[in-house]
Structures are given as structure tokens and as C-alpha cells.
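Protein chains: 2
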Amino acid sequence: MISSSKTPDVLISEVGPRDGLQSVKATMPTADKFRWIDALVAAGLREIEVCSFVPAKHLPQMADAAEVVRHALTHPGVTVMALVPNARGTEAALKAGVHKVTIPVSASAAHSLANVRRTREEMIEEVRAIVRLRDEIAPGVKIEAGISTAFGCTIQGEVRSEDVVWVASECIAAGAEEAGLSDTTGMANPAQVRRLFNKVRAAIGDKTGAAHMHNTRGLGLANCLAAYDVGVRTFDSSLGGLGGCPYAHGASGNVVTEDLVFMFEAMGINTGVNLEKLLVARAPLMAGLPGEPVYGMTPEAGLPKGWTQAALAG
Amino acid sequence: MISSSKTPDVLISEVGPRDGLQSVKATMPTADKFRWIDALVAAGLREIEVCSFVPAKHLPQMADAAEVVRHALTHPGVTVMALVPNARGTEAALKAGVHKVTIPVSASAAHSLANVRRTREEMIEEVRAIVRLRDEIAPGVKIEAGISTAFGCTIQGEVRSEDVVWVASECIAAGAEEAGLSDTTGMANPAQVRRLFNKVRAAIGDKTGAAHMHNTRGLGLANCLAAYDVGVRTFDSSLGGLGGCPYAHGASGNVVTEDLVFMFEAMGINTGVNLEKLLVARAPLMAGLPGEPVYGMTPEAGLPKGWTQAALAG
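As you go down the protein sequences, you meet chains H and A in turn. Each residue of the first sequence is one higher than the one before, starting from 7 at the first, in my numbering. Each residue of the second sequence is one higher than the one before, starting from 7 at the first, in my numbering.
Treat the hints as calculated values from the structure; they're not laboratory data. Do not take every clue at face value.
In silico contact screen, one side only, chain A against chain H (beta carbon under 7 Å); selected entries [to be verified]:
id, residue
1, VAL137
2, LEU139
3, ASP141
4, THR160
5, PRO196
6, LEU231
Listed next, the in silico DSS-like pairs over lysine-lysine satisfying Cα-Cα at most 25 Å (straight line) [what the hints assert, rightly or not]:
id, chain 1, residue 1, chain 2, residue 2
7, A, LYS148, A, LYS101
8, A, LYS148, A, LYS106
9, H, LYS311, A, LYS101
10, H, LYS205, A, LYS148
11, H, LYS63, H, LYS106
12, A, LYS63, A, LYS12
Don't be surprised by glycine CBs; every beta carbon is placed ideally from N, CA and C.
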């Protein structure tokens, strides 16, 4: 139960302030976002997706994106990430000073058209445009392509693994530093997770990025375990399980950061996150979104008797 | 997604009618129990723990145990199981005609005393007495020892793996056919599940029985996956996640049968259970226990688009 190493074995990439907050109807006040991000940092999280750069008329929850980035940047040692849908959003994100951007690119042709009204090929071109922009104005910034609907699609059903490998490879060829795989629709299973990450790794090697799993059918942690088994070391999750994909009908529920950290730490895998402080970070989330349901089995059950943890942030 | 074999690859042992019903305050009427068991059988479940044989003054929910066993026996091909706390309960179970009994034996000395007010050594003697009784009056009946608190204890904290191996080995030496491992307190993690099942198998070989996991901290399915990875092929679970251990404070929540079957079937592992019919089996459970919370992510999200399943019961 005690992690021996001081360097985390896995990177927990917290997506709540972006993925979570853009999925709920209410808008969290900026000051509450600051307090929540501060609490996440205090718990030891070292990569946080803090916002998305989309027009405020589409997502009023993200109108303060630049301000939130500037606040997050006051924390040394934290990788400040933002989601960007296109080159225009990327320009705003780079100007705000983010360290890393993530752009979703669908492996499903049908989902791509329904979600962003663009083909997969057009989205790969957009990645190329984003890379050019980054090279020009902020060459140190990392670009991740998040391959969405990688494990299945609510519109077209099955998504062939060839399609996932193709989209991931094209995004890397376009200049992205990483391609991660997202179970946007909660259709992944552990056998598929192992197969698909192995196939993607065979194509793009260590440019294989995060596992972004959903808990739609309860398999979120089992799928993270399966991904870990085949060498994945970065995991997206959301405090309180906030968020999911607002475009995929019937799909909801990110993996709960608290439960994910509990699983890894209990296994002796160092996350760098202090679980007790992570539970404390739920308070500003709940204060900033009164009445919004917040999930998590570990917070409900409490930590087991005899729990000890030698965390970085401890 | 389609299981090719007609012989199930894993055995889902449904414990809801025992573990679930004895954990809730309300008593399900006998006729509702019959309807629920019928629906479970119709879905393809082939091992069901239908009741426990304990004095009705302690567990009024189980006052109709013998009647429930007799009803379950009308279904050919179903292994009818009962929990027995001791030799006296075993006698009643054998007289009622069960095919298999399971007796819980704690690996934690503290939990054994708190739960049944007997030492582990006394419980192992009880197993021996049960075996003698079985040999005398119903030699075909199988006896399983369910090693409880195998992964941790809410009273004493850590439970040493040596203790688990010792208790399991002693139960087999006493004449039990199988020893399964129970995460009574929801403290198991996947690394520990793999280690402990490997150690127990090294000691008692193919007499290693079921994985009985709880979802207390959300790790139920991940732990089942870990157990499958090291060769476990029988899994206890409960429809709607009903039940858990009423004696372990803060511990609740069996693995949800619906989610477990979804995970295995999605992986191409044949459970013999028809998932659509399994979802239908929730209706008699809910009708028989009005107002009782019933869990499950797969029932809530529904089956994914394109879901097909070649199930035995289909």
C-alpha cells in the first residue's frame, strides 16, 4: 500500500475543470474555479485540463478560459492544458499561455460529422494547421490528439481498429506529439483496450498518449487497469466523475479521479496524488456547483482501515 | 462481441436471493422470491445461492428457506446453493435438498470473533463437522468454504496472505471441495487479487473457488478482471448489486451481475447468460422489494448500439 518511489509511476491527468464543467448546465463562477484548481494542485495533481477555448456563445461555462489559464499558470510544476476544437481556439489558448493543447479527432466518420460537422480528413488537416500555428507562436507547447469514439460509436456502432490506428497515425504525421484513445461512448471493454492500445503503439510507439475512459457501464476502472497492463501510463479522469461527452446520447460519466487514485495507490503504483487531500478537493467543486451530483465510491466508503500512503504531496 | 462457444467460459454464481435479501431490512414475500429466481434461471444463470439456513429469529428474511430451495429445485440444470453458518444449518439445508452449501470462514481472527463469536480454528472444526454430516446424509452435495475478509478487515486492518492460505488449506484438509476468496470489506485491489489467488492456487490447486468481490470503492469489476487474468473462472455477483456484508461497517455493494456479465460478454468471454433477459429479471426483484435501491450502470445506460450476443439462454 505504500508507494516507495518519489517519482510517480503514472500520470493522472485531471479533466474535471474542462470536461466536467462544460458538461453541466450551470456555470461555475471564476473564483470557484480558481479555488477548485488550487485544491487539485494541493492534492498533487500535475496535469490539469483547465478549460476549452470555444466561442462563449456555444459554451458560456468557458467564457473565462484565458483567466483560468492565467491563474493555473501561477502554480509551478503543473502542466496547464486546454481543449481546442480548431486553429482559432488554439490561437487563443497559446496566447493565454497554456503548456499543452488537446484536440479531439473522431475515429468514427459518423461521429465526426455529427459532432463537429467535419470529416476526419478535415480534422487531420486542422491538426496540421494547429501544429503550424504552434511552431510559429509558441514552439514549446505540446499538442495531443484525443482520438474520440475509439472503442465504439453511438451512431455507427462498431469502429474498426484500423480506423483508430489510421487516425492516430495521421495526427502524429501531422505533427501532434501524442495521440490518446478516448472511450467517448462508454463502449470499451478490457480485452479491446489491451488489443487497441497494442495496435496503436505498434504504429506510433511512445507517441501513444492517455487512456480516457468513461464509466458509462461501470467498466471505467477495469479498462484503466487493462490499459495499464499494456503499458499506458497517463490516465484522464475527473474529480467526482463530473462530465462525459455531451454529444453522445446515453453516454456519461468520466472515470472518478478519487477511485482511480485509490486503485493505483492500493496496488502500490505511485500516482503522486495524496488521496486524503484529493477528497478535500471535492469541497470547492461542490461549493461552486451547488446541487450538481458528484460521484465516487471511495469518497462514500472512506479510506480503508490501515490506509497509509507516501505521496509526493503528503 | 459474439461468444463462439456454447459452453460458458466462466460461471456467474448469483448470490442476490441470499446475500442481497439478507442484507435489506424488508422481507421479500415467498411468491416474489419464486418469480425472481425463475427470471434469473430464464436469463441463463446456472448457479444461484437462494437462501441461508439460519434461525428465523436472527434472519426473518430467510424464514422460508426450505420452501425457496424446493422451488429452485424444480429448475433442471441449476445448482441450488445455500449459505450455512454451522452444522445445524447444514442439516436443514441438506434435508431441503440443496446441491451445494457455502460456509463463511474468516481469514481475520478479529472478524471471526466479531462476526460469529468463534475462532478461526473453531470454524475449521465446524467445516469438518459439516463434511461428516454431508458424508452421512447427502454424499453428493458439494461444500464450499468462503474465505471472508481475505483482502482486508475493517477491525484488524491488514490480513496476511499467509493467514488466507492457511485458512483455505485447512478448510480443504477438513474435506471442503472448494475454497473461494471474499472481499467482504471492499478492500481488495487488482494487484493483491492476482497475488492472493496465485498463492492460494499454489496451495490448494483446482480446489480454488470463486472470487466474491465487492464494489465498495468502485473496484469490483477491476478485481474480477484481475481474478480472471490469473485463472479464476467462477464469480459471485448480485443482481442490482443488492447486498454486501451487514457486519462490516461501511462496506456494502456486491458486484452487479448485469455489469459483470456485460464486461465478460463484451470481452468475448461466454457467461451463458443472456444480458437482455438479465435486465428483465430486475423487474421481479424490484416488485418484491418496493423502494429498495437497485444498482447497475449497464441497466441505466442500456446496451451499446450494435450489441449482439449468442447466449445459451437466447
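* Which numbered hints turn out to be false for this structure? -> Checked against the structure, the hints that fail are numbers 1, 2, 3, 9, 10 and 12, while the rest are satisfied.
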